[in-house]
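Peer 1: Using the hints provided, position chain B relative to the given structure of chain A.
Chains as they are written, first to last, in the working numbering: chain A, 1 to 220; chain B, 1001 to 1053.
Keep in mind the hints are simulated off the structure, nothing from the lab.
Incorrect hints may have been included.
What the hints assert, rightly or not - Label pairs and their in silico Cβ distance ranges:
id	chain 1	residue 1	chain 2	residue 2	range
1	A	130	B	1017	19 to 29 angstroms
2	B	1017	A	126	18 to 28 angstroms
3	A	193	B	1024	39 to 49 angstroms
4	A	65	B	1017	29 to 39 angstroms
Glycine residues also receive a C-beta, built at the ideal position from the N, C-alpha and C atoms.
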Amino acid sequence: MNEVKLTPRSESSSWTLAIRRSLQRKLPLAHLLPDRQPVFVGSWVYIFGVIAIAGLIWVVASGMLLAFFGPMWWHQSSVGRFVNSLHLWSVQVFFVFMVLHLWGQYFMASWRDGRAKTWMVGVVIFAFSLVTAFTGFISQQNFDGEWIAVNAKDATNSAGIGTLFNVLNFGQMYGLHIILLPMLVATLVGVHVLLVRMKGVVKPIGKVQGGQPSNEESAS
Amino acid sequence: MDAPATYLNWNFILISIPNVVMIVGMVAVFVLALVVPFPSHSEIVESAEPQDE
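Isolated chain B (complex conformation):
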């Protein structure tokens, strides 16, 4: 934990491996959220506005 992180260096880009892991992980979670089907719920309605009872 006390050792400095390993860095990737490509041209002017310099980024640590932990930061790369975080960014790739966040992109992966975002893509998964778009493609993984959400459990259906019988109470979900077509209207965009909240329903007055």
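Okay, chain A solo, but in the shape it has when bound:
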């Protein structure tokens, strides 16, 4: 039996090892999948974010069905109209609870203690979600969608982005709505949750453990 012998290599030259160690250091499994939470997390305010994510899951699931079966289905069949409504109302849930989550995090100043990146990613998610919803209203394939697009063209033209982002170009709006923007929002939500897991939930204002901030806090 011949054993394959691996040649020793210096740690500094191995980028896979460097990435693995960095991930192990920054994101241990206990942080990624915690089984316990700080006592101050016992509040309904912390539920808003996860309800928003639940809404997003329904948005994506119903949107996949709509994309598969197409406009004739979602306008004319009873099941299609139901899924179309499900898509609309899960968007309402997503936005309502995203805004409630935003209020909660704003009033607890959750960008503190090195969590600025988490906050900024959340801001970007909110911005891209608005564009995603807007392109969705344009993609309805009815008079409502056309009315919104025709009015919106004046806004985009006056802002100087009409040629790049042409709201009267259905193919562009629909493509952005069902491919590019959902992928972006879903990826950023994943990054947002990962950042929350890496840093933990921010302590209430004025609460300092053991009289001194932890190393993690002072690292900000």
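Peer 2: Using the frame of chain A, we list chain B on its own:
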């Protein structure tokens, strides 16, 4: 559903009733989330950091 919404107009403020209902409802949910006690859980700990096992 096809009829235009009723609007409230006060000075320069112009807002539809459905939008008012949504905003008031969201504020109500937010306040309730702050005051309604959360069911206690025996596994909740004092520490802010996730626990390494």
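Peer 1: With 19 to 29 angstroms as the target window, see if residue 130(A) and residue 1017(B) comply at their CB atoms.
Peer 2: holds, 23 angstroms
Peer 1: Taking the beta carbons of residue 1017(B) and residue 126(A), is their distance inside 18 to 28 angstroms?
Peer 2: holds, 26 angstroms
Peer 1: Indicate whether the distance between the beta carbons of residue 65(A) and residue 1017(B) respects the range 29 to 39 angstroms.
Peer 2: The hint (29 to 39 angstroms, Cβ to Cβ) holds, given that residue 65(A) and residue 1017(B) are roughly 32 angstroms apart.
Peer 1: Do the beta carbons of residue 193(A) and residue 1024(B) sit within 39 to 49 angstroms of each other?
Peer 2: violated, 30 angstroms
Comparing the model with each numbered hint stated earlier shows that hint 3 is the single one that does not hold.
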